[in-house]
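Student: Below are the chains, spelled out letter by letter.
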Amino acid sequence: MELVNGKGREKAFLQLFDEHHGALFRFAFRLTGSAADAEDVVQECFLELVRPTCAFVPARAPLRTWLFGIARNQSLKRLRRRESVGAEAAGTLTPETELLRTELSELVGHAVLQLPEKQREVLVLAHYEKMPLAEIAALLEIDLGAVKSRLQRARAALKESLAACRSEKK
Amino acid sequence: MNDTDLDELLDTWTAPAPPPLLRNRVRREFQDRNPRPNRKRWVVVTLVAAAVLFALIGSAVSQTPSPVPAPWTADSEFVSYGPDGSSVIEMNATSYAYAGIEVLLGRSDPRNPLATAFYRVADAAVPAVGRAMQRALGTPSKGPRPDDVRAFGYVTGCGDHSLTGCLQLEHYYFLKRPDTCIGGSVAGTQTILNHPTIGVLVQMGDSMRSTFWVAPDLGCFALRIGTEKRQPDGAFHLVEEKRVVRISTTAR
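Residue numbers (numbering that gives the first Met the number 0), protein chains in the order written: chain A, 0 to 169; chain B, 0 to 251.
I should point out that these hints are in silico values taken from the structure, not numbers from a laboratory. Treat the hints with caution; some may be incorrect.
[Said to hold, decoys possible] Some chain B residues close to chain A (C-beta under 8 Å, calculated; not the full set):
#: 1; residue: Thr-11
#: 2; residue: Tyr-80
#: 3; residue: Met-203
#: 4; residue: Gly-204
[As the list claims (entries may be wrong)] Short derived list, chain B residues pointing at chain A, Cβ under 7 Å:
#: 5; residue: Met-0
#: 6; residue: Pro-17
#: 7; residue: Leu-20
#: 8; residue: Leu-21
#: 9; residue: Trp-71
Backbone N, C-alpha and C define an ideal beta-carbon position, used for all residues, glycine too.
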């Protein structure tokens, strides 16, 4: 990447970090349900950018899309690692978090984390990051129809699981 | 539940802000994995520049005649005194008198080898650059001639007879009368290193004064210079001293 490989390398790197790390952190947090994992994911995203083997090609996708792609892969990798070692799976509540379930936001977070990965990532990108569906399609390397379909299914599932919350809220 | 209700519910789940330390962590990782090429480049550029500078200095210095046009040289200590009477030798120097001027041959810092190295480079570089500039600009020499013996106490950084382009620091300077070593009021006499000296007191403002113990048989060279500072009670206290510890005869 020209900007990062050229003069003022560190400054350019930090500028990119400042511009994108907030959204990447939120995205990773909502995919993994863990702030610690989200930190690691963000770090990996930016270090990937400066690795000699960096696969970012400006002509193929905007930097933001590419970074979200790395964040997604890293987040899923961490989720699978967690599952394979039998640790707390995403969305599985510990006794501590069970107590927090009384909080509406925790309930919503839990419901989102219970979604299948493919639906969850589309929902998070579309709803929370306000990413256009076409960009999500490019990021996930699927067609636009598949994005819409996953989003619809995710929303339907959430409507069902959160119906009780709605009545509580009222 | 309609779409608006769902959106409202989803919005209640907020993500925490990324910790502020994350930036430093990523930056550190970046620096660890990417040693700064700029720093390397600067090191190389600096080394090359230093090599060129030293080469130029070496060339200039080697062209400079450095005979000692005096039958002797003096080794001196520059001492500073604390309020409790403690003393520290801050510099050693070797010099000689020429045309009423003290010409510095070399100096060192007994406490700091790096400072000594710096002195050597600076003492060689500054006069060399001065001479080079004079040659380039065609500036006529303004160095004092042997018969223009009016002052002493300059410290210079070269051994050039004409003193052209020398580093001249008005380190401890005072004018003396052309026919005598005395340039102030006489404070006394004493013998230092077997040379009779006259103490000449020079007042520098209200709070400082120096006494130059000059040796007439050494061309009015000062074998001891003590600088005193007035204390709150009005008394003067010795704060700095240059003292010659050895006179060596030069081979001529």
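Student: Should the hint that Pro-17/B touches chain A count as held when the rule is a Cβ pair under 7 Å?
Tutor: Where the cut-off is 7 Å and the nearest Cβ of chain A is about 4 Å from Pro-17/B, the hint holds.
Student: For the restraint on Leu-21/B, tell me whether the closest CB of chain A is nearer than 7 Å.
Tutor: 6 Å, holds
Student: So, as I understand it, the hint says Leu-20/B touches chain A; can you test that by seeing if any CB pair is closer than 7 Å?
Tutor: Since chain A brings no Cβ nearer than about 9 Å to Leu-20/B, farther than 7 Å, the hint is violated.
Student: Does the nearest C-beta of chain A fall within a distance shorter than 8 Å of the C-beta of Thr-11/B?
Tutor: 4 Å, holds
Student: Let's test the interface hint: is any C-beta of chain A closer than 7 Å to that of Trp-71/B?
Tutor: This hint is violated: Trp-71/B lies away from chain A, its Cβ roughly 59 Å from the closest one there, beyond 7 Å.
Student: Quick check on the hint: Met-0/B CB to chain A CB, less than 7 Å?
Tutor: 5 Å, holds
Student: Report holds or violated for the interface hint on Tyr-80/B, using the least CB-CB distance to chain A and a cut-off of 8 Å.
Tutor: 49 Å, violated
Student: Against chain A, run the beta carbon of Met-203/B and see if the smallest gap drops under 8 Å.
Tutor: 51 Å, violated
Student: Checking hints one by one. Is Gly-204/B an interface residue toward chain A, by the C-beta closer than 8 Å rule?
Tutor: Cβ of Gly-204/B sits 51 Å from chain A, so the hint is violated.
The structure does not agree with the numbered hints 2, 3, 4, 7 and 9 stated previously, though it agrees with the rest.
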